[in-house]
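Protein chains: 2
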Amino acid sequence: MAGQPSKGLSGRLKEPWRKSMEKIRRNERMSVMMKILSGAPGKLFTLSYFCELFGAAKSTVSEDIDGLRRVAKDFDLGEVETVTGAAGGVMYRPRREREAARAWVEELCGRLSGTERVLPGNFLYYSDILSTPEIVNRMGEIMATEFCGHQADFVLTMETKGIPVAFATANALGIPLVIARHSSKVYEGSAVNINYVSGSGNIETMSLSRRAVRENQRALIVDDFLKGGGTARGMVELMREFNVQVVGTAFVMATQAPQKKRISGEKSLMTLEVTGGEIPEAIVRPAAWLSSASL
Amino acid sequence: MAGQPSKGLSGRLKEPWRKSMEKIRRNERMSVMMKILSGAPGKLFTLSYFCELFGAAKSTVSEDIDGLRRVAKDFDLGEVETVTGAAGGVMYRPRREREAARAWVEELCGRLSGTERVLPGNFLYYSDILSTPEIVNRMGEIMATEFCGHQADFVLTMETKGIPVAFATANALGIPLVIARHSSKVYEGSAVNINYVSGSGNIETMSLSRRAVRENQRALIVDDFLKGGGTARGMVELMREFNVQVVGTAFVMATQAPQKKRISGEKSLMTLEVTGGEIPEAIVRPAAWLSSASL
Numbered sequence: 000m001a002g003q004p005s006k007g008l009s010g011r012l013k014e015p016w017r018k019s020m021e022k023i024r025r026n027e028r029m030s031v032m033m034k035i036l037s038g039a040p041g042k043l044f045t046l047s048y049f050c051e052l053f054g055a056a057k058s059t060v061s062e063d064i065d066g067l068r069r070v071a072k073d074f075d076l077g078e079v080e081t082v083t084g085a086a087g088g089v090m091y092r093p094r095r096e097r098e099a100a101r102a103w104v105e106e107l108c109g110r111l112s113g114t115e116r117v118l119p120g121n122f123l124y125y126s127d128i129l130s131t132p133e134i135v136n137r138m139g140e141i142m143a144t145e146f147c148g149h150q151a152d153f154v155l156t157m158e159t160k161g162i163p164v165a166f167a168t169a170n171a172l173g174i175p176l177v178i179a180r181h182s183s184k185v186y187e188g189s190a191v192n193i194n195y196v197s198g199s200g201n202i203e204t205m206s207l208s209r210r211a212v213r214e215n216q217r218a219l220i221v222d223d224f225l226k227g228g229g230t231a232r233g234m235v236e237l238m239r240e241f242n243v244q245v246v247g248t249a250f251v252m253a254t255q256a257p258q259k260k261r262i263s264g265e266k267s268l269m270t271l272e273v274t275g276g277e278i279p280e281a282i283v284r285p286a287a288w289l290s291s292a293s294l
Numbered sequence: 000m001a002g003q004p005s006k007g008l009s010g011r012l013k014e015p016w017r018k019s020m021e022k023i024r025r026n027e028r029m030s031v032m033m034k035i036l037s038g039a040p041g042k043l044f045t046l047s048y049f050c051e052l053f054g055a056a057k058s059t060v061s062e063d064i065d066g067l068r069r070v071a072k073d074f075d076l077g078e079v080e081t082v083t084g085a086a087g088g089v090m091y092r093p094r095r096e097r098e099a100a101r102a103w104v105e106e107l108c109g110r111l112s113g114t115e116r117v118l119p120g121n122f123l124y125y126s127d128i129l130s131t132p133e134i135v136n137r138m139g140e141i142m143a144t145e146f147c148g149h150q151a152d153f154v155l156t157m158e159t160k161g162i163p164v165a166f167a168t169a170n171a172l173g174i175p176l177v178i179a180r181h182s183s184k185v186y187e188g189s190a191v192n193i194n195y196v197s198g199s200g201n202i203e204t205m206s207l208s209r210r211a212v213r214e215n216q217r218a219l220i221v222d223d224f225l226k227g228g229g230t231a232r233g234m235v236e237l238m239r240e241f242n243v244q245v246v247g248t249a250f251v252m253a254t255q256a257p258q259k260k261r262i263s264g265e266k267s268l269m270t271l272e273v274t275g276g277e278i279p280e281a282i283v284r285p286a287a288w289l290s291s292a293s294l
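Chains as they are written, first to last, in numbering that gives the first Met the number 0: chain A, 0 to 294; chain B, 0 to 294.
If you are wondering where the hints come from, they were derived from the structure by calculation, not from laboratory data.
Positions of the beta carbon are idealized from the N, C-alpha and C atoms, including for glycine.
Treat the hints loosely; a few may be bogus.
[Claimed, not checked] Across the chosen pairs, the derived CB separations fall in these ranges:
hint : chain 1 : residue 1 : chain 2 : residue 2 : range
1    : B       : C50       : A       : E236      : 53 to 63 Å
2    : B       : E78       : A       : P257      : 44 to 54 Å
3    : A       : E236      : B       : V196      : 31 to 41 Å
4    : B       : V185      : A       : S290      : 30 to 40 Å
5    : B       : E277      : A       : K57       : 50 to 60 Å
The following block holds chain A by itself, in its conformation from the complex:
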């Protein structure tokens, strides 16, 4: 199918340049492998790739990988996974332990709570948070940790505010991002349009290029904000048009009211409540599931 991205690029594009041909020590090999692996989460590298890069034997590279696996675990830096067999190799997966994730989200909640960020109409201003790479990357890693086992083929989001966090999640999972639009665009080719009821009760349109996804793929929905769930529901229906299965839904923030959303089974990082009164105050809390036992 034209325009479908292949999952990786060819060897020539990936290969870092090795300038010196001197013998390379273990600490150097391990540092290089850590950079290459953690820079491309979810991507499988063969042992031969590293053997060639370093001019080292398989047994040597295997020992290096054992060392990396241990150290990644010890410092909560994610997982170095080895896949055995003919199609085997090694890959990196970001993995945030739930307890650490919760502590991080809790501190973020502290920054968002209070009166300063409440806008007229009792909206919360957090666009800055949603596009600060350091913060967004961590959110993406937490979401990726939760949905890592769900075998999603791509992350789906609806423009605009959720794009960075959806991208960060896709990056952490090593899969592409797909962006639904409010209307179809000439530069996206033929598209599927659906109508949905937005949070404000309006009928809106959601559009996705036919080239963007394939039948029978699996989608993980990631977005910035969940209120009634109208937009999320729209995304689920859009995926149905493409014969794509939704394997999970994740949000940065969910409002406490209404409690009944138009979707279910979602995971949000934080919940939002804005108190009434003359000076409205935002109360932002870590979502309940973050307090439950780790995976």
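We have chain A already, so just place chain B on it with the hints.
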């Protein structure tokens, strides 16, 4: 100012957990440092941070850093920079050598050229490329390498398609991303709106929340597509309203025609020409500056 993100998070949020208190070897320390540094480009870490993390002396950590600096250089994995003095420390910067960047862009051009991706109206379909993390991250690193010395405080883009690459560039530079919208939104607070002439000749609106940037900051504009330069010009004018200096403009793709754009001094990764005829063909080439001598 309310809603302004501080540049980093507090120590508690950053700190990886060290589970084992056994003595840590050089190869382990170096691997951990490589992961932490390269995972937060442009962010300064003090030596003390690593000394505490490892329970190691400053001289030991300094030697580790020397090793990392060498190995990053040898394998074209970016730069490990030490900053001396009281406010000193160590940071990582992605840095793609121009020759390697050109080879990579050239292969990408090969994938985009041809007849398959040309849509009715002679538009090129490349939305898939613009949201595949592995590709977008590399683009962001190439752009960051070019504009690293320009001291931008944030990356500015206009919704929607350029957001992932703008985010990746912001990530590589360690600065926030700011997203201009087509209209002001209730959840972004008071906004500055300007009108501009889009590529299709229509008068359109561009809107940015007042909270998003501060006076006298420096902006790097990053977007996916440059044709006449109307939108880019709009972003420059928007920044003028905020008293913000534009220190650079970068695009993924620029059309060959019209040759005269409404902005100047921009850097694009690729140029696009679509030949007429019954079966139109896209000819995508690496931009000329990629062939000139390295920085």
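Evaluated hints:
1. The hinted range of 53 to 63 Å is satisfied by C50 of chain B and E236 of chain A, whose Cβ atoms lie roughly 54 Å apart.
2. Separated by about 51 Å at the C-beta atoms, E78 of chain B and P257 of chain A satisfy the suggested range of 44 to 54 Å.
3. For E236 of chain A and V196 of chain B, the hinted distance range of 31 to 41 Å is satisfied, since their beta carbons lie about 37 Å from each other.
4. At roughly 32 Å, the beta-carbon separation of V185 of chain B and S290 of chain A lies within the given 30 to 40 Å, and the hint holds.
5. Judged by the Cβ atoms, the range 50 to 60 Å given for E277 of chain B and K57 of chain A holds: they are separated by roughly 54 Å.
Every hint, counting from the list given before, is met by this structure.
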